[in-house]
Amino acid sequence: MKKTFTIVVFLFISFSALAQMPHDAIYMPKNTACLAVSYGNSSWKEYWENTLLRENLNMGKHTTQNVMPMLAVGVSDKLNVIIGLPYITTKTSAGNLMGQKGFQDFSAWIKYKLVEKDGLALHGALGASVPASNYVAEFLPMSIGLGTKTATGRIVASYYHKSGAYFTGSASYIFRSTVKIDKDGYQAYNKVYNTDIVAVPNATDARAAIGYSKKAIVTELFAERFTCVGGDNIRRNDMPFITNNMQSTSIGWYGKFQPKNIGANARIAYVTNGLNVGQSMSYSLGILYQFNSLKLLKQKN
Amino acid sequence: MKNFKIKTLLLIAFVTLLNTSCDKTLDLEVAEAYIPADLDLNASNWKTYVLTSNSEVAVAAPKPTSDPAYLKELDSLKNKIYPALTPANKDAIAYWGAGAVYRWNEIARELAAKYNVPPASNAEGKYPVPDAANPLADPMFPFANPPYTARALAYLNVAQYDALVTAWSYKSKFGRKSPSKIDASVKTLLPVSDLASYPSEDAVVAGASYTILIAMFPGEIPYLDTKLAEAKNARVWAGVNVPSDITAGDALGKAVGAKVMAKAKVDGMSTANNQALTAGMIEAAKGRGIKDTWLSQESPIRPPMLPNYAAVATWNFDKATMAQIRPTMPYVVGSAEWNKDFAELEEINKNQTREQARIANYWADGAGSYTPPGHWNREAANQGHDAKFSEVRMARTMALVSTALMDAGIACWEAKFYYYTPRPQQFGLKTSVGLPNFPSYTSGHSTFSAAAATVLSSLFPANATEFDAQAKEASNSRVYGLIHYRVDCEMGLVHGKKIGDYAIARGKLDGSGL
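Residue numbers (this note's numbering), protein chains in the order written: chain Y, 1 to 301; chain W, 1 to 514.
In case anyone wonders, no lab produced these hints; they're calculated from the structure. There could be a bad hint or two in this list.
Below 20 Å or equal to it, Euclidean Cα-Cα: the simulated SDA-like pairs (lysine to any residue) are [stated by the list, open to error]: (1) Y/Lys191 to W/Tyr102; (2) Y/Lys149 to Y/Lys191; (3) Y/Lys180 to W/Arg358; (4) W/Lys24 to Y/Glu138; (5) W/Lys350 to Y/Ser93; (6) Y/Lys180 to W/Thr25; (7) Y/Lys183 to W/Gln470; (8) W/Lys24 to Y/Asn190; (9) Y/Lys61 to W/Ala120; (10) Y/Lys45 to W/Gln470; (11) Y/Lys191 to W/Phe141; (12) Y/Lys61 to W/Ser121; (13) Y/Lys91 to W/Asn351; (14) Y/Lys191 to W/Thr25; (15) W/Lys24 to Y/Thr195; (16) Y/Lys191 to W/Asp91; (17) Y/Lys91 to W/Gln352; (18) Y/Lys183 to W/Glu355; (19) Y/Lys101 to W/Ile301; (20) W/Lys24 to Y/Gly230; (21) W/Lys24 to Y/Val179; (22) Y/Lys61 to W/Ile301.
Far from chain Y, by Cβ distances over 12 Å, these chain W residues were calculated [said to hold, decoys possible]: (23) Val50; (24) Asp67; (25) Pro68; (26) Lys388.
Selected chain W positions facing chain Y (in silico; Cβ < 7 Å) [stated by the list, open to error]: (27) Leu136; (28) Asp138; (29) Lys430; (30) Thr431.
Since we're looking at a predicted model, the values are computed, not measured. Every residue gets a Cβ at the ideal spot worked out from N, C-alpha and C, and that includes glycine.
My request is simple: use the sequences and hints to build the entire structure.
See the structure below:
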């Protein structure tokens, strides 16, 4: 019979590199844009099978890598549009599970500055994602994604002190669609569902960061919490499934250096606690390029 | 202004997506009640599997319908039970109305899926064996793998069938009509046929199924108690049986179930996991010319699944026949034929197409699923339901398919451990469906699927082409998933077809004329 496996929190792959992220308080000025291309790597040796933190000798170390181009556009000084599409590969260091690869989910966000006063600001962000390829969702933990369409509503609060110190906090609710899988029956919640449609639980996330931002430099420490709203647990020694109640708490650091149009950023994060997810260490590195005038660009073309 | 337009557009896109995202309605199979296309009134004389005759289990004569006790039962249906029905009662009526054999097979598949998880290794690097006396410990008992599930479903269906043949005999003998045919003022919530109602066929199936399933899944007794009570009550709530129909049916079903389980207890399954035999099996395979033998690819090394499952008693042929129809010697590693099969797998390993992955996934039926026997059990049940089969004909259909599937499992396992051949993963290939932990040749999926498809094609000839295509696709799926060589699958299909033919031959001689 099949061996046991586990999971990756794919959701954290998205938007790990750019300066203007859906969870921060930074905006591209009107008619400017920033293109980022990042490389990300996330790996784990242990995972939470329900609440049990365990290793799996038939997987060894599980690694997810991604390359993601992202574009943030300043529609106005208060409204940014951000799009991205990661290409993902998965592999394990032991066992015989076939690695998967492909374009994962195309995502788009709009971020809008709702109020700003004395360095305090409140922002709203709406995001959506759709699978960009017909990847296999039911082969966790090797699948490159969960196969859901998502819609996210997010609220972000920020405070910037003139010294450069800042704080941001955000919270989101993520609606996740049903997924059509290859099988026409599956086990979840100790029941058999005689259908190929799977209800993936919705999710929430929350994030808090403190940092320093001055001139070309951004550096921050953050904590993140991701929680499914419902879902079932990986059964003893069973494979994970897309109905699982995945939860995780991560801490990390993010930094950016962009003296001129060209810049770079980096991010590192570690899962400290979880449920039905891998205890992953992840990092990403990105190169940024800022277009100062989109109109100029258009004229040239 | 332009910004506003963009904002509006984005907002519309978001709201649209939100709506699609929020809709989590699952399109589940709906099975409704029906009047059987044929009441199969001659089923009293159909040949049983385990019982020696249709009167081996006695059922007492019911009270006449003029008896005050019966009239009191009728009055209770009309004036106590019907007026007090709750929405939950009505849901139960609709659920069980789909058919007793249909629902109890569905329950069995659900339990198989729940228990189909391989034991985890412990701190000493050993795999504890599930303990029937302590079913809910870690690891849970049973590990409902394909051979286990094939056997559980076969005994379930045989018990249902033998009990129903007996029930049909008593129905015909006593001829007590259903409540609404005696008193037209009895309100019914399910279709009522002209079949005699004593003993209740639904209670017969419930009692027989319960008895098999609590033995096969001993950790589920509380759950099965609930199901049994609901199955029996639903018939009374629906006004289609009086309690005395139910009590007699339940007792008959349980008595037949006990006789069938008594046979199961001594069918050889207790020695199926005899790991002491494997060293001798490996030597014997080498003596037959198999140079590279199978080795578990798990870490720590896991003992193979039920190496002595071949010792279990077959249904439709004897062990001498099993040896005669055993697939011939597989390709030896390194031979030109083996190299050709391996080259096909290497190409898939490099460039598996999405369609190949889809087929591999669709038929995977691996850990956490109801297994390939469960897959075909579901197909058989749906076919019988679509054809509006009577309970007894449904049970016959399921028993013919299930015994063929169990025979397929036994014969396939015999071949697997006779030849003891290595999996492709021993030569560096990956898999997209997970690697079964037992020898390669022949493919269990191919053998199971061809056996079931052959029987179904005989029972539902109009759909024969479809069954054949499904069996071939199930067989191919193991090549696409990279865990079987082409020859494993092709020879498994041939083997399975022969096994299915023996079940058909049994069916032709069972007196049903079907």
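Structure-based check of each hint:
Restraint check: the Cα-Cα separation between Y/Lys191 and W/Tyr102 comes to about 16 Å, which is no more than 20 Å; the hinted pair holds. Straight-line distance between C-alpha atoms of Y/Lys149 and Y/Lys191 comes to about 24 Å, which puts the hinted pair past the 20 Å bound. At most 20 Å may separate the alpha-carbon atoms for a hinted pair to count; Y/Lys180 and W/Arg358 meet this at roughly 12 Å. Under the criterion of a C-alpha separation no larger than 20 Å, the hint pairing W/Lys24 with Y/Glu138 is consistent with the structure, at around 17 Å.
The hinted pair formed by W/Lys350 and Y/Ser93 meets the criterion: a straight-line CA distance of about 18 Å does not exceed 20 Å. For the proposed pair Y/Lys180 and W/Thr25, the alpha carbon gap of about 12 Å is at most 20 Å, so the pair holds. For the hint linking Y/Lys183 to W/Gln470, the alpha-carbon distance of about 14 Å falls within 20 Å, and the restraint holds. Between W/Lys24 and Y/Asn190 the alpha-carbon distance is near 19 Å, which keeps this suggested pair within the 20 Å criterion.
Restraint check for Y/Lys61 and W/Ala120: satisfied, since their Cα atoms lie roughly 18 Å apart, inside the 20 Å limit. Between Y/Lys45 and W/Gln470, the direct Cα distance comes to roughly 39 Å. Violation of the 20 Å bound is thereby established for this hinted pair. Simply put, Y/Lys191 and W/Phe141 have alpha-carbon atoms about 18 Å apart, close enough for the 20 Å limit, and the pair holds. Straight-line distance between C-alpha atoms of Y/Lys61 and W/Ser121 comes to about 18 Å, which keeps the hinted pair within the 20 Å bound.
Taking the CA atoms of Y/Lys91 and W/Asn351, the gap is near 16 Å; set against the 20 Å cutoff, the hint holds. Pair hint Y/Lys191 plus W/Thr25 holds up; C-alpha atoms about 16 Å apart against a cutoff of 20 Å. For the given pair, W/Lys24 sits about 13 Å from Y/Thr195 by alpha-carbon distance, which is consistent with the 20 Å threshold. This hinted pair checks out: Y/Lys191 and W/Asp91 have alpha carbons roughly 18 Å apart, not beyond 20 Å.
Annotation: proposed proximity of Y/Lys91 to W/Gln352 holds, straight-line Cα distance about 16 Å (limit 20 Å). Under the criterion of a C-alpha separation no larger than 20 Å, the hint pairing Y/Lys183 with W/Glu355 is consistent with the structure, at around 13 Å. At roughly 29 Å between alpha-carbon atoms, Y/Lys101 and W/Ile301 are farther apart than 20 Å, so this suggested pair is violated. Between the alpha carbons of W/Lys24 and Y/Gly230 the distance comes to roughly 13 Å, so the proposed pair stays at or under 20 Å and holds.
Between W/Lys24 and Y/Val179 the CA atoms are separated by roughly 9 Å; this keeps the pair inside 20 Å, and the hint holds. Between Y/Lys61 and W/Ile301 the alpha-carbon distance is near 19 Å, which keeps this suggested pair within the 20 Å criterion. The Cβ of W/Val50 lies farther than 12 Å from every Cβ of chain Y, with a closest approach of about 28 Å, so its non-interface assignment holds. W/Asp67, annotated as away from the interface, keeps every beta carbon of chain Y farther than 12 Å; the closest lies near 43 Å.
Distance check on W/Pro68: its Cβ is at least 45 Å (rounded) from any Cβ of chain Y, clearing the 12 Å threshold; non-interface status holds. Even its closest Cβ contact with chain Y, about 19 Å, leaves W/Lys388 beyond 12 Å, as expected for a residue assigned away from the interface. This hint is violated: W/Leu136 has a C-beta 11 Å from the nearest C-beta of chain Y, more than the 7 Å allowed. A hinted interface residue such as W/Asp138 counts as satisfied when its beta carbon comes closer than 7 Å to some beta carbon of chain Y; here the least separation is about 6 Å, so the hint holds.
Of the supplied interface hints, the one on W/Lys430 holds, with its beta-carbon coming within about 4 Å of a beta-carbon of chain Y, less than 7 Å. Against a cut-off of 7 Å between C-beta atoms, the interface hint on W/Thr431 holds, since the closest Cβ of chain Y lies about 5 Å away.
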